[in-house]
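For our numbering, add 596 to where a residue sits in the sequence shown, where the first one is 1.
Hints listed in this document are in silico derivations from the structure and should not be mistaken for laboratory results.
Hints are not guaranteed to be accurate.
No farther apart than 27 Å at their CA atoms in a straight line, the calculated lysine-lysine pairs in the BS3-like style are these [unchecked claim]:
1) Lys-602 <-> Lys-698
2) Lys-698 <-> Lys-713
3) Lys-716 <-> Lys-705
4) Lys-602 <-> Lys-652
From a predicted model like this one, the values you see are computed outputs, not experimental measurements.
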Amino acid sequence: MKRLTKRENEIMNLFWDRGAMFVKELQSLYPEPQPHINTLSTMVRILESNGFLSHKSHGNTYQYYPVISREEYGRSSLSGIISNYLGNSYLNAVSELVREEKITVEELKGLIDEIEKNRK
597 MKRLTKRENE
607 IMNLFWDRGA
617 MFVKELQSLY
627 PEPQPHINTL
637 STMVRILESN
647 GFLSHKSHGN
657 TYQYYPVISR
667 EEYGRSSLSG
677 IISNYLGNSY
687 LNAVSELVRE
697 EKITVEELKG
707 LIDEIEKNRK
């Protein structure tokens, strides 16, 4: 799955939070100065062509909606990072988190205990 740019991620988060929207509704969610309607329309069409959004026709306009969930995208992104930067090893990913002190050994032990309890 293609990675989202910062702007695309911002737009997708609005769709994930709000659900189906017309581009005009999307524009109204931005503070002033709002992005131009044509800019947003182009971004939405790019997201649709990349498989993140789809649309329903309503007369001359389209209502766009997400076709993948935030969780699906997150899982895919994590898999891509682990594959591309950590030798496709989830163990390397966990080791890196411990080394960088993003997770403590105690938290990791607690997670292992939780997993073992759920297996029983």
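Outcome of the hint check:
The hinted pair formed by Lys-602 and Lys-698 meets the criterion: a straight-line CA distance of about 23 Å does not exceed 27 Å. Between Lys-698 and Lys-713 the CA atoms are separated by roughly 24 Å; this keeps the pair inside 27 Å, and the hint holds. Proposed proximity of Lys-716 and Lys-705 is supported: the alpha carbons are some 17 Å apart, at most 27 Å. Distance check on the hinted pair: Lys-602 and Lys-652 sit about 26 Å apart at the alpha-carbon level, within 27 Å; holds.
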